[in-house]
Amino acid sequence: KAGVTQTPRYLIKTRGQQVTLSCSPISGHRSVSWYQQTPGQGLQFLFEYFSETQRNKGNFPGRFSGRQFSNSRSEMNVSTLELGDSALYLCASSSGRSGSTEAFFGQGTRLTVV
Amino acid sequence: DAKTTQPTSMDCAEGRAANLPCNHSTISGNEYVYWYRQIHSQGPQYIIHGLKNNETNEMASLIITEDRKSSTLILPHATLRDTAVYYCIVRPPVNTGTASKLTFGTGTRLQVTL
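These protein sequences, in sequence, are chains A and B.
Reminder that position 4 of the first sequence reads as 96 in my numbering, one-by-one numbering, no gaps.
Reminder that position 70 of the second sequence reads as 72 in my numbering, one-by-one numbering, no gaps.
Only pairs whose alpha carbons sit at most 30 Å apart, straight line, appear in this in silico DSS-like list of lysine-lysine:
1. A:Lys149 with A:Lys105
2. B:Lys103 with B:Lys5
3. B:Lys54 with A:Lys149
4. B:Lys71 with B:Lys5
5. A:Lys149 with B:Lys71
6. B:Lys103 with A:Lys105
7. B:Lys5 with A:Lys149
8. B:Lys71 with B:Lys103
9. B:Lys103 with B:Lys54
10. A:Lys149 with B:Lys103
11. B:Lys54 with B:Lys71
12. B:Lys5 with B:Lys54
Treat the hints as calculated values from the structure; they're not laboratory data.
All chains should be modelled from the sequences, with the hints used to inform the complete structure.
So, in structure tokens, the structure goes:
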């Protein structure tokens, strides 16, 4: 079955702009989590959506937001981009049900802010 | 979240077993040990997980000490394609609602050489 799909793969934006990233989870998975990866901070959890509701949130400013649609696809939005937002943004999907465990990651979207 | 400690880097000759250690001395009784790896610029890939017993799958084996304070991931016959950063993660059970929030450390950079 198809894996986690993230679009676009690469993106270049200017400071002050906003950006929307998309993630399509594995079919049947209802949980989508987002992570930011930078050389300095490593992989950091942003937030998780389950059944269209934000279930967990990391320690990021309000400029980072997300949503999940009824088909479990998720979008992440970053407003007023800063240079420090340049990173690889990864999304992971899992079934989210009790007893189900591993998360599957997409290939990521590499965002460059100039 | 329970923290993990891993060596920064390790080398392994191709065809030999790679043994990657992880310390998680503050692990709670219901927390699982998960291993992921990340090949350069790709999304993390799930390898294996366990609670108390040793586990084996087609990719690797996981040995957890009796006191659960440490574990070892074993790649029985390392190949060049196993060169990656390996992350050991301690994760609460799925039914706690926070299981999706994976806390990645700095991981071990495994270099497999000819």
